[in-house]
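Asks: Each chain, letter by letter, is given below.
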Amino acid sequence: MFGSTNGATSRRLAATVAIAASVALVATGCSTSSTPSEDPAAGGESGNYSITFLPKNLGNAYFETSDAGGKLAVEEFGGAFAEVGPSEAAPDAQVSYINTLTQQGVGAIVLSANDPNALCDAIAEAREAGVKVVTFDSDTNPECRDLFINQATAEGIARVQVELIAEQIGGEGQIAILSAAANATNQNAWIELMKDELAANHPKVELVEVVYGDDDDQTSFEKTAALLQTYPQLKGIVSPTTVGIAAAARYLSTSEYKGKVAITGLGTPNQMREFVEDGTVTAFALWNPADLGYLAAYSAKALIDGTITGAEGESFEAGTLGTYEVGADGTVLLGDPYVFDASNIADFNF
Amino acid sequence: MTTASLPRTYRDYAHSGWRRALLNQGSIIIAVLVVVTTVAIFAVPHFGQPITFTYLLRDMAPALLIALPMTLIIITGEIDLSVASIVGLASVTVGVLVQGGVPIEVAFLVALLVGAIAGLVNGLLITKIGLPSLAVTIGTLALYRGIAVGLLGTQAVTDFPKFWTDLAKARILDTPIPVSTILVVVLAIVFVVLLHFTRFGRGIYAIGLSDEAARFAGVKIERTKTILYVLSGTVSAIAGIYWTLLYNNARGDNAMGLELSVIAAVLLGGVSIFGGTGALHGVLAGVLLIGTLASALRLANVTSDVINIITGVLLVLSVVSTSFLRWLKTARSKPRRTRTVER
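Here the protein sequences line up with chains A and B, keeping their order.
Just so you know, this note's numbering puts 135 at position 135 of the first sequence, and the rest follows in order with no gaps.
Just so you know, this note's numbering puts 1220 at position 220 of the second sequence, and the rest follows in order with no gaps.
To be clear, the hints were calculated from the coordinates, so they are not data collected in a lab.
Please read these numbers as outputs of a predicted model, since none were measured by experiment.
Some, not all, of what chain B presents toward chain A, calculated at C-beta under 10 Å:
(1) Pro1045
(2) His1046
(3) Thr1158
(4) Asp1159
(5) Lys1169
(6) Trp1243
(7) Leu1246
(8) Tyr1247
(9) Asn1254
By construction, the Cβ of each residue, glycine as well, lies at the ideal position given by its N, Cα and C atoms.
Could you build all of it, start to finish, from the sequences and the hints given here?
Replies: Structure below.
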């Protein structure tokens, strides 16, 4: 009886020790295999230039573009670039990444926040531990982070779209706006600014109507058709939303109005590529995510160097983009929206 | 099943108390935890600093808490899949009430009540109507999560009194141990006493070994199970309140999928999914092992999908190894004794 159970338990022990050993092997195996990427984090003697990008989620073409811009910048100044992130966009998922980066003692975290408040405590702990925190694309509350890299201001977005449509219709004629939902905060603010801009600088351009496609592809498509029938003299449509501009371009591209009625607004290169190539669309605007990531990385470097602290009026060098100044609330503005046309659209994939 | 499991029970209890305590899967998991932690301290850069253990204990607290009642439920041979949804529901309850101007302390009490009621609904559906717990709690997993997400939609409440959010993150004096660990330890002691040192606890094992035998022995099965589900709901609500404060964030989708990591840790800690065996020390070590492993791997820049694979392999190994060892045991003892081998 005892002999048998002793034998069984010793075997059981042996097997378990084997399991324990394999667990340990798995753990150490994984850690040694990724040690090289760890080294630069520890090794930045002259300023800890280990800069990690934390996008809202991985596998998102927009963030792949911005993070590639960040990587370019970090490599230019000889830092160690890394990118980590959750597979889906959820704030508590970003918290554990911020905590891990705090433990690793990185020089700076450059992140697009999934929530303006929920990350603040984790960010505060990171900053206490000496990590610089830069937000881009989506900000947290200003008091949480060191710096926010703003892709564009409402004024810039409004002005560039008005300039584009005025140029495309030759400076005079009727235009309409195809917006998102009637209560969309961003779009409504932009539309008001666009009206001001039209009145001030393009008096011959007449805005006949603002219609709402509710950021729904089919609704936007139908509203475009209705606009063109209601206003036979219409020379251009501005759609300050990526869903609207793509739907309007799709309608125009197969209609008799193709090439006669201009369409512009805010769109992404991947959505608009075919319409630029087939001549429906001449040019449209958005910011350049690669430049955004590039600027964010350089601002992180400036924070690590101590060149800037995030106070208004400080300025720093951002490689090929030139010199930037910190504005109110620790915000750095990338600049005017970027204009995409047939000459440059092939360079972008997002 | 009844007759088959009885001889095994006697065999497992053939050792003296201290040997049973040392040579079970729970103690082995503790040993593995010590080994993994030691290896990580030396092999993983940045792991061996105090802040790692602060983060680790803080982040693992919800799973540690929920694992306590989950262990008792699994020992009775049942399961509760709705725990993470109750975490979300309690979190949203706190969020909605605080947003509506209710004092946060009152919101805590309401959330606890909501958790207890959610558990009671589970318990009554299982014991009074006699539905299988797997089916009932899959249903309430969706139901409670649905209510939670429905109440707040896609928005999040993130404005809680600083006193409470600071407390959730605070450490005990200058130690790396977070204050929340006190809560975990206190509740762990309560559940250890309940399971291992009371008649109620003996009844839990008896139910898991054989419903029928337990009934003949005078165990009030329905009452025991209902109490366990109410406990599970209440503790999940505590975890939900803590989650809300720790991440300063009340959202309907908080703690999504947490039930699976908790159940995984409970099984890893040596509790049989068929009920009747297991102890809390192994379970707590199991939760900490999964957390420590994940933390070490994250620090070693291993991506989250690889971490999931490793945790999964670990779990399968642990389940397979217990079955394999049991088979080995019975196969070895077969020629010596003429007892018929079950399973």
